[in-house]
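K.L.:
Sequence:
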Amino acid sequence: MGRIHFPDHATMTEAQKAVFDKIISGKRGELVGPLRAALHNPELADRWQQLGSVLRFDTTLPAQLNELAILITARRWSSILEWAIHERDARKTTLDPAVIDSLRHGQPPAFGEDHAAAEIYDFVTQLLMRGVPEQAVYDLVRTRWGELGVVELTAVVGYYSMVAMTLNAHEIPLPEGVTADLPDAPGALCDLPARV
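According to this note's numbering, the sequence shown holds residues 2 to 197 in order.
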């Protein structure tokens, strides 16, 4: 049970129902997570779901790297629901399962020859831990993905930080049948180590 109630479809306003229907018929196909709380303000929920759809499904980054950035963000904020949903999604991509397991335990992943994933890890962890990535790391990401890619990556980290904070603040529960395995309590900040 979360800290707030979630609008029930039977008692939603017309504006809430319109946003609900848009979410369900979109790429998500379900209403879980922070949008359940955001529906209290239908305009906020609608804009939120539009931004989220772009950043989750339509960036220039390959799916495995986008999910890597989301998992790093979820891990930083120990957001259990965010982790559960995106671990599931990440495992459907080519992201190495050992990378996911290292992140779960707050350890720097071994990327081997996957330089693109290593660059994403460095950029996202530095952004979350220091507030700004080092110039050399920024330049690597910009060189590989262009200005569009580096802007999108930054937006992904900011958006999913907002998602994590919303989930943690309102203690939004896991959907039925979904489990998550993080060693920290929800909301406990995980110090993300630099790669060695």
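Hints are computed from structural coordinates only; laboratory data are not their basis. Keep in mind that a hint or two might mislead.
[Stated by the list, open to error] Result set (EDC-like, lysine to aspartate or glutamate): computed pairs, CA atoms no more than 16 Å apart in a straight line:
#, residue 1, residue 2
1, 28, 9
2, 28, 44
3, 28, 97
4, 93, 114
5, 18, 47
6, 18, 44
7, 23, 47
8, 18, 31
[To be verified] Label pairs and their computed distance ranges (CB to CB):
#, residue 1, residue 2, range
9, 4, 145, 35 to 43 Å
10, 5, 186, 15 to 23 Å
11, 11, 188, 26 to 34 Å
12, 102, 130, 19 to 27 Å
13, 18, 102, 26 to 34 Å
14, 184, 30, 44 to 52 Å
15, 9, 148, 40 to 48 Å
16, 4, 63, 30 to 38 Å
17, 5, 25, 14 to 22 Å
18, 178, 149, 34 to 42 Å
19, 186, 61, 29 to 37 Å
20, 175, 152, 18 to 26 Å
Because the structure is a prediction, the values reported are computed rather than measured. By construction, the Cβ of each residue, glycine as well, lies at the ideal position given by its N, Cα and C atoms.
K.L.:
Look at each hint and say if it fits the structure.
P.N.:
Now for the hints, and whether the structure bears them out:
Only pairs whose Cα atoms come within 16 Å are accepted, and residue 28 paired with residue 9 is rejected, the gap being roughly 21 Å. For the suggested pair residue 28 and residue 44, the alpha carbons sit about 19 Å apart, so the restraint of at most 16 Å is broken. Distance check on the hinted pair: residue 28 and residue 97 sit about 24 Å apart at the alpha-carbon level, beyond 16 Å; violated. For the given pair, residue 93 sits about 21 Å from residue 114 by alpha-carbon distance, which is inconsistent with the 16 Å threshold.
Of the pairs offered as hints, the one joining residue 18 and residue 47 holds, with about 11 Å between alpha carbons and a cut-off of 16 Å not exceeded. Restraint check for residue 18 and residue 44: the C-alpha separation of about 12 Å stays at or below 16 Å, so the hint holds. A hinted pair counts as satisfied when its Cα atoms are at most 16 Å apart, and residue 23 with residue 47 qualifies at roughly 8 Å. Annotation: proposed proximity of residue 18 to residue 31 holds, straight-line Cα distance about 14 Å (limit 16 Å).
Checked against the hint of 35 to 43 Å, the pair residue 4 and residue 145 passes, with Cβ atoms roughly 41 Å apart. Checked against the hint of 15 to 23 Å, the C-beta distance between residue 5 and residue 186 comes to roughly 20 Å, which is consistent with it. Taking the beta carbon of each, residue 11 and residue 188 are about 32 Å apart, inside 26 to 34 Å as hinted. Taking 19 to 27 Å as the suggested C-beta distance range, the pair residue 102 and residue 130 conforms, at roughly 21 Å.
Remark: the range hint 26 to 34 Å for residue 18 to residue 102 is contradicted by a beta-carbon distance near 41 Å. Our hint of 44 to 52 Å for residue 184 and residue 30 is violated, since their Cβ atoms are close to 30 Å apart. Taking the beta carbon of each, residue 9 and residue 148 are about 44 Å apart, inside 40 to 48 Å as hinted. Taken as a hint, the range 30 to 38 Å holds for the pair residue 4 and residue 63, whose Cβ atoms sit roughly 36 Å apart.
Distance hint check: the CB atoms of residue 5 and residue 25 are about 21 Å apart, consistent with the given range 14 to 22 Å. Restraint check, residue 178 to residue 149: a C-beta distance of roughly 37 Å satisfies the suggested window 34 to 42 Å. In this structure, residue 186 and residue 61 meet the distance hint of 29 to 37 Å, their C-beta atoms being roughly 35 Å apart. For the pair residue 175 and residue 152, the supplied restraint of 18 to 26 Å is violated, since their beta-carbon distance comes to about 32 Å.
Comparing the model with each earlier hint shows violations of hints 1, 2, 3, 4, 13, 14, 20; every other hint is respected.
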